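Those protein sequence lines, which keep their order, are chains A and X. Per the numbering used here, residue 31 is the first one in the first sequence, and the count goes up by one each step. Per the numbering used here, residue 3 is the first one in the second sequence, and the count goes up by one each step.
Treat the hints as calculated values from the structure; they're not laboratory data. You may find that some hints are simply not true.
Said to hold, decoys possible - Derived CB-CB ranges, DEER-like:
| # | chain 1 | residue 1 | chain 2 | residue 2 | range |
| --- | --- | --- | --- | --- | --- |
| 1 | X | G166 | A | Q258 | 49 to 57 Å |
| 2 | X | I134 | A | K163 | 43 to 51 Å |
| 3 | X | V151 | A | K210 | 54 to 62 Å |
| 4 | A | A85 | X | K94 | 46 to 54 Å |
| 5 | A | F41 | X | E258 | 50 to 58 Å |
| 6 | A | Q157 | X | R290 | 32 to 40 Å |
| 7 | X | N115 | A | E94 | 45 to 53 Å |
| 8 | X | A248 | A | S40 | 45 to 53 Å |
| 9 | A | S40 | X | K289 | 37 to 45 Å |
| 10 | X | S292 | A | K210 | 37 to 45 Å |
| 11 | A | S168 | X | V151 | 47 to 55 Å |
| 12 | A | P65 | X | V158 | 52 to 60 Å |
| 13 | X | G166 | A | Q214 | 33 to 41 Å |
Claimed, not checked - Which residues of chain A face chain X? A few of them, derived with a C-beta cut under 10 Å, are:
| # | residue |
| --- | --- |
| 14 | N75 |
| 15 | G79 |
| 16 | G86 |
| 17 | S101 |
| 18 | A104 |
| 19 | G116 |
| 20 | L129 |
| 21 | M201 |
Treat the numbers as computed from the prediction; the structure is a model and nothing was measured. Where a beta carbon is used, it is the ideal one built from N, C-alpha and C, also for glycine.
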Amino acid sequence: MLKVSDLEVSFDGNAVLNGLSLEIKEGETVGIIGPNGCGKTTFFNCVSGFVSAFAGKIVFKEKEIQTLSPSERANLGLGRVFQNFGIFREMSLLENLLLAIEGNRKGASKKELKEVANDYLKDIGLQSKINSKAGSLSGGQMRLLEIIRTLAFGAELFLLDEPTAGVSPKMKDDVAGIIKKLQQAGKTVLIIEHDINFIQKFCSRIIVFNEGVVVLDDTPEKVRNNQQLKEIYFGQSA
Amino acid sequence: MSALIEIITSDYGIHLGILICIYLILAQSLNLTFGLGRLFNLAHIASCAIGAYATALLSTEFNYNFFICLLASMVISGIFAVALGVISLRLKTDYFAIGTLAFSSVVGAVLINWREVTRGVLGIPGIPRPEISGIDFYQNINFLGLSLVLMLLVQVFFYFIQKGRFGRSLRALAEYEEAAMSLGRNTARIRNISFFISSVAAGMAGSLLAYYLNYIDPSSFSLTEMVFVLTIVIVGRPGSFWGMFAATLFIILLPESLRFLDISSSYLGQARQFLNAGILFLVVYWKRNSLFPEQRQV
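Produce the complete structure using the sequences and hints provided.
This is the structure:
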């Protein structure tokens, strides 16, 4: 589904990604962890097209995409969920969903579009707030809305950047629930997360970044017990 | 009440009615780019000037009829907008404002210095009012009717643009461009189209203004005029469709009340400008936290 080879990105001469390579298969749910500044979000920005790589190759669904614009990548099925909530706060929940669904349902009436939007909102228990401003939602609800909006848009690969950031502990279960729904729907999911306990619930693999390269790529259990991970995070030696 | 009706139906009331129609077209069209798209577009009056001069030249030099002149004004303003958009819409926020301001200055300089065509500061006199189906538009009441029809058509058009898919996409990119892109929106194209539509309507307003005044010169399209239209949009709440109606009425009619005060006519112009500047300052100060919200970024 996604193959990244030798990706290099730098800002003002400081290398952030140093020849990063990884491969994600269709239907996989993979976690990405690593210390702050290791290049996790830059990697997502690069795959989404918001940051240009000066070297390397990104292949998504058998197609090289590094020269495509972010909107072209999105239309290919690349879905992005932002760390700082990518919802449109000034718009209602209905309008947020309309932005996702009206493009691939050309010719549908207003009523039909509203019904589709309502069905998606039902999935996350927010149908009663369909006309409320998205900015009035809690952090967890905003995250659910953003994920369901990305699903409604028709994304096949989900790039979730710290989906539990700004979410209350109670709502974390709801976020976990919707990620499981994505898995059941056969979607491919990549999750950046600091909370290893959270991602090991649904990830078959965890990839560890450090200084812009992949240093570990294994099952959650093996990564958890890996001495190198402790060294990266705590600077401990064996 | 009878005094009010008398004012509305007087020559003075009709004159104000025509101005309100023209400024409503200008305000609603600027509201699309500046209000919904948060593009600090300072070239709006330049687009209006291009439309006005196109009508003035085509009607006086080539005797083209009203419909051709109106259409040509809109098309020419649109073409300039596309050319300007290709260059300046690559710029973000403040830089876009500077780019459009520079364009306005260039248009102003061309109008003053290209004397063979524009007659420079002397302006173009004798722009003939249209005559359609035997209706004499030299009668201001008839011209008000024409202005009302065009204004209403423009408002209906902008209503559907704002409330529809395009308006939603424009609001989305204004709030969080990367999130709009991640929903497949080609934000550069959306911005270009909004700038084009806005400028076409400004060209129409310019054409109408030229016909109404029968005479135009570069001073009619100065930065002061730009600030005046910007004041309407800011007072009406950027992005609000109905707010433009209330603000246009308020901003045009309030300074007119100065006429009824005992102020020398030599000070009246300055007093109006002070009043407009005061209103703009107060609204910007009052709404300073919500008027220009920061765009979120990844």
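Determine whether the Cβ-Cβ distance between Q157 (chain A) and R290 (chain X) falls within the hinted range of 32 to 40 Å. holds (36 Å)
Within 33 to 41 Å or not, the Cβ separation of G166 (chain X) and Q214 (chain A)? Holds, at about 35 Å.
Are S168 (chain A) and V151 (chain X) spaced within 47 to 55 Å by their CB atoms? holds (49 Å)
Next item in the hint list is A104 (chain A). Is there a CB on chain X closer than 10 Å to its CB? Since the shortest Cβ distance to chain X is 5 Å, the answer is holds.
Does the beta carbon distance between I134 (chain X) and K163 (chain A) stay inside 43 to 51 Å, or does it fall outside? 46 Å Cβ-Cβ, so the 43 to 51 Å window holds.
Hint G79 (chain A) vs chain X: min CB-CB distance below 10 Å? holds (8 Å)
Between A85 (chain A) and K94 (chain X), does the beta-carbon spacing fit 46 to 54 Å? violated (27 Å)
Evaluation of the interface hint that places G116 (chain A) against chain X, nearest CB under 10 Å: Holds: closest Cβ of chain X sits about 4 Å from G116 (chain A), inside 10 Å.
Given the hint of 45 to 53 Å, is the C-beta distance from N115 (chain X) to E94 (chain A) inside that range or not? At 51 Å between Cβs, range holds.
With a cut-off of 10 Å, does the beta carbon of S101 (chain A) approach a beta carbon of chain X closely enough for the hint to hold? holds (5 Å)
Satisfaction of the hinted span 45 to 53 Å by the C-beta atoms belonging to A248 (chain X) and S40 (chain A): For S40 (chain A) against A248 (chain X), whose Cβ atoms are near 52 Å apart, the range 45 to 53 Å holds.
Taking the least C-beta to C-beta distance, is N75 (chain A) closer than 10 Å to chain X? holds (6 Å)
When held up to the earlier numbered hints, the structure conflicts with 4, 16, 21 and fits the remainder.
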